[in-house]
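Colleague: Now for the letters of each chain:
Number of protein chains: 2
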Amino acid sequence: MEFKYLKKTPLYKAFSELGKRIFVPEGIFYYSNRAKKEAEINGTIGTAYGFEKDFIDGGSNEWIPCYLDGIKNYIGNAHVKDFVPYAPIGGVQDTRELWKEWIIKKSLFDENTSKEQVARLRKYITLPIITSGVTNGIYIACALFLNPNEYIIAPNRRWENYDTIIEKYLGARIKSFEFFKENKINLKALKEVIEEVAQLQNKIVIILNFPNNPTGYIPTVEEVNDIVTLLKEMYYVTKKPMIIIVDDAYEPYVYEENVLDKSLFYDLHNLDEDIIPIKLDGITKELLLYGARIGFFTIGLKPNWIKNDSELDGLKSEILNKLEGMNRSIISNCNMFFQNVTLKIFKEQGIDKIIAARNKVKEILKLRYKKINSEFNKIENPDISVDPNSGGFFIFVNLNPNKIKATEFADHLLKKYKVGIIPFQNLEDKVNGIRIAYCSIDIKQIPEFVSRIKQGLNDFS
Amino acid sequence: MEFKYLKKTPLYKAFSELGKRIFVPEGIFYYSNRAKKEAEINGTIGTAYGFEKDFIDGGSNEWIPCYLDGIKNYIGNAHVKDFVPYAPIGGVQDTRELWKEWIIKKSLFDENTSKEQVARLRKYITLPIITSGVTNGIYIACALFLNPNEYIIAPNRRWENYDTIIEKYLGARIKSFEFFKENKINLKALKEVIEEVAQLQNKIVIILNFPNNPTGYIPTVEEVNDIVTLLKEMYYVTKKPMIIIVDDAYEPYVYEENVLDKSLFYDLHNLDEDIIPIKLDGITKELLLYGARIGFFTIGLKPNWIKNDSELDGLKSEILNKLEGMNRSIISNCNMFFQNVTLKIFKEQGIDKIIAARNKVKEILKLRYKKINSEFNKIENPDISVDPNSGGFFIFVNLNPNKIKATEFADHLLKKYKVGIIPFQNLEDKVNGIRIAYCSIDIKQIPEFVSRIKQGLNDFS
Chain A
1 MEFKYLKKTP LYKAFSELGK RIFVPEGIFY YSNRAKKEAE INGTIGTAYG
51 FEKDFIDGGS NEWIPCYLDG IKNYIGNAHV KDFVPYAPIG GVQDTRELWK
101 EWIIKKSLFD ENTSKEQVAR LRKYITLPII TSGVTNGIYI ACALFLNPNE
151 YIIAPNRRWE NYDTIIEKYL GARIKSFEFF KENKINLKAL KEVIEEVAQL
201 QNKIVIILNF PNNPTGYIPT VEEVNDIVTL LKEMYYVTKK PMIIIVDDAY
251 EPYVYEENVL DKSLFYDLHN LDEDIIPIKL DGITKELLLY GARIGFFTIG
301 LKPNWIKNDS ELDGLKSEIL NKLEGMNRSI ISNCNMFFQN VTLKIFKEQG
351 IDKIIAARNK VKEILKLRYK KINSEFNKIE NPDISVDPNS GGFFIFVNLN
401 PNKIKATEFA DHLLKKYKVG IIPFQNLEDK VNGIRIAYCS IDIKQIPEFV
451 SRIKQGLNDF S
Chain B
1001 MEFKYLKKTP LYKAFSELGK RIFVPEGIFY YSNRAKKEAE INGTIGTAYG
1051 FEKDFIDGGS NEWIPCYLDG IKNYIGNAHV KDFVPYAPIG GVQDTRELWK
1101 EWIIKKSLFD ENTSKEQVAR LRKYITLPII TSGVTNGIYI ACALFLNPNE
1151 YIIAPNRRWE NYDTIIEKYL GARIKSFEFF KENKINLKAL KEVIEEVAQL
1201 QNKIVIILNF PNNPTGYIPT VEEVNDIVTL LKEMYYVTKK PMIIIVDDAY
1251 EPYVYEENVL DKSLFYDLHN LDEDIIPIKL DGITKELLLY GARIGFFTIG
1301 LKPNWIKNDS ELDGLKSEIL NKLEGMNRSI ISNCNMFFQN VTLKIFKEQG
1351 IDKIIAARNK VKEILKLRYK KINSEFNKIE NPDISVDPNS GGFFIFVNLN
1401 PNKIKATEFA DHLLKKYKVG IIPFQNLEDK VNGIRIAYCS IDIKQIPEFV
1451 SRIKQGLNDF S
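Just so you know, the protein sequences line up as chains A and B, in that order.
Quick note on our numbering: the first sequence kicks off at 1 and runs consecutively.
Quick note on our numbering: the second sequence kicks off at 1001 and runs consecutively.
Take these hints with a grain of salt, some might be off.
[Claimed, not checked] To give a feel for the contact side, a few chain A residues facing chain B, derived at Cβ under 7 Å:
id, residue
1, T47
2, Y49
3, D69
4, F83
5, I165
6, L287
7, Y290
8, S332
9, K344
10, Q349
11, Q445
[To be verified] Derived pair list, reagent style PhoX-like, types lysine-lysine, alpha-carbon separation capped at 25 Å:
id, chain 1, residue 1, chain 2, residue 2
12, B, K1036, A, K418
13, B, K1053, A, K444
14, A, K81, B, K1360
15, B, K1444, A, K37
16, A, K13, A, K240
By construction, these hints were calculated from the structure, which means they are not laboratory data.
All C-beta atoms, glycine included, are put in the ideal place defined by N, C-alpha and C.
Using the sequences and the hints given, assemble the complete structure.
Modeller: Below, the structure is given as structure tokens:
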């Protein structure tokens, strides 16, 4: 593939060496695709096929992928074709198309989304490729843009696995900014790191995650406007492509009004500047199927990159080939079964039923969210503060580093009060606190849980 | 982690920069593991839990991972805990232990395997980690050992995705050797590339795959002895650690006597020299579940690397942490459902029943194998030759490059004879032929299939 359209875009300019290098050679797939259409006898398929009766007692005359007698006991009603064969490299076509429509539908949860925005989404976002969970999407996004020693910007409160992926795996670097100031996002700090990184490399890459792990923070509508304004301003100052990796793992879990009630992806996609959003979402938490490992990777393209529909199609094919090259190299493809389960849930149950079922879980989490915040609000202790939060699975409680080190506190809580939390301690990066996963604590236990933490705090005062 | 035992091994010396750098930070897992044991109230689990009755109409009082009402329709009889939560990073413990026993069991398919060899396997191979299919295992193995521009040795007939993973993705290089001479493995060519690579870097990395894709080649018992003897000889000549990546994707599909009837892994593991085998296998073809994406990554450690059992345990923990670091960064973990399906099939159906069910498929493939070879044997045409083959899913037919280019031939076959095959054409690397996937061709069609190829050949004579 020549990548003649892609090479003209700022997306390509921002690619890492790997991103520039990777592609799926068309050889085998070119011939196997042609054979599917043109051949009477096809000797290209590397999956054992046979007549069912020849390998299953009492089997049919159907020519299907050979499977082990007995396996169906474990799979429910799925047809052999839905779980035995390989999925396509980029994912099952119908599931990808379904998820694209789902992404469009999710934009409409905000009533301010206009028809023009919807039309722009439908036309200019890529057809999602399927990744092995959201982590795999984060990894692919980072590998696609970051060379060793290049920087990605992330808040100082972030999922700890970002550090493993970016620094330990890729050998790239995180430029951390202090996430909050006076209970609001610290845009001054974000601005400063963008300026700093712009001095060092030819692109700005930022990863953001709302609702945030570990804090539960979601920007207010006002803050969203400020973030978008800042990014635009910085785009004109730096004149470098900005890649915004939008980690939407916790997307639906928003418990307050007047905060961002859809992914930040949408507002960024709507910008004409080369502020290029990548949406990473998945069934992991949206359908509460953590173990299924099905995520989606979607890029928001800009209308001004291409001249006409034919160029747009060409560009999309080229991007697909790059992303398929990532999948093909790392994992070949994602598991077939849950791609089809995803499709069936949406087709058979429908969106309303899915959302209603999920809202039952969301309401449980929302009550715990309110409870744990109100319990912490009762504590009058100048050595702690809870980070702003209005969604997700966690809250984050900061500890005064001069009095209480987070890891010591975690150890103390476990030993003396039999309470488990995760300490985050990186004093240089101004992080010293504990993450509490209220998503897995019974609401009736929350007062006791917080009470024990309060007692633990008193031991350090 | 300090990796104090691992750093003393030749395995570590052979690691890439990534291999040396990667690890899973113990922070979160240290505290969440402690909390599981020590906490009365656990706020470390990032998965939503609740009482089933609170989110499912008619649900129980059980405290379980929250799931969507309706999802169970698609999963069969699996318990929520078997498909909703994340699997551990390295895989479900019981499935890993099962697969280790399965690897030991597979060594016994060769009656010459001694009790001492079995004891050595049980003690010195690592507990397999679970990878997202065999491809993911190949990727991890290559990334663990190959820096950009370093060489891995592979035969000139190889799965085309090796090139994508190694050259296009990792930016490393393949040193190719001519696989066959006079219908036997070309050990002289293998020896020469080992000598060549030994001049260039501090380790020898080789990837081998029997039964081979695309040829179906399996070494004879005699050839296996010659391969092992050569590797030992070259080890003493080069004095560099040798990593042998054993791609066992097609392991069970052996159709002849007097050829290697178990993985090459076992003979290499039995050597005391630092010829370090890595076994990559999976349920993909062993259980005919291509789409499930469950593979296993197992390293054969050497007794002389450690002084006692305590050091051995320490070394295994350190290796596990490295491999978990790879999983954690790329995919977090593999899908839970098929890890549990694997466990259940083995526990409930038992090995004998699995093998009996699979043998039905194997017998079908074996008949096709015999048929397609006998049909090609009838063709008297000096411009073609079939590579030696005795197993797997494919055969490979070489074409005289002076008369017939493989890609032209593929196009011609499709257009004129409606026959689909995959051309492999790399004249510099002495490859010009077609791969035929008889695994998916009805035996009754094979004579017609070969007859059309014969006619196609005549068009070029």
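Colleague: Hints first: check each against the structure and report whether it holds.
Modeller: Tested hints:
{"no.": "1", "hint": "T47", "in the structure": "6 Å, holds"}
{"no.": "2", "hint": "Y49", "in the structure": "4 Å, holds"}
{"no.": "3", "hint": "D69", "in the structure": "4 Å, holds"}
{"no.": "4", "hint": "F83", "in the structure": "6 Å, holds"}
{"no.": "5", "hint": "I165", "in the structure": "5 Å, holds"}
{"no.": "6", "hint": "L287", "in the structure": "6 Å, holds"}
{"no.": "7", "hint": "Y290", "in the structure": "5 Å, holds"}
{"no.": "8", "hint": "S332", "in the structure": "4 Å, holds"}
{"no.": "9", "hint": "K344", "in the structure": "6 Å, holds"}
{"no.": "10", "hint": "Q349", "in the structure": "5 Å, holds"}
{"no.": "11", "hint": "Q445", "in the structure": "5 Å, holds"}
{"no.": "12", "hint": "B:K1036 with A:K418", "in the structure": "10 Å, holds"}
{"no.": "13", "hint": "B:K1053 with A:K444", "in the structure": "15 Å, holds"}
{"no.": "14", "hint": "A:K81 with B:K1360", "in the structure": "19 Å, holds"}
{"no.": "15", "hint": "B:K1444 with A:K37", "in the structure": "21 Å, holds"}
{"no.": "16", "hint": "A:K13 with A:K240", "in the structure": "9 Å, holds"}
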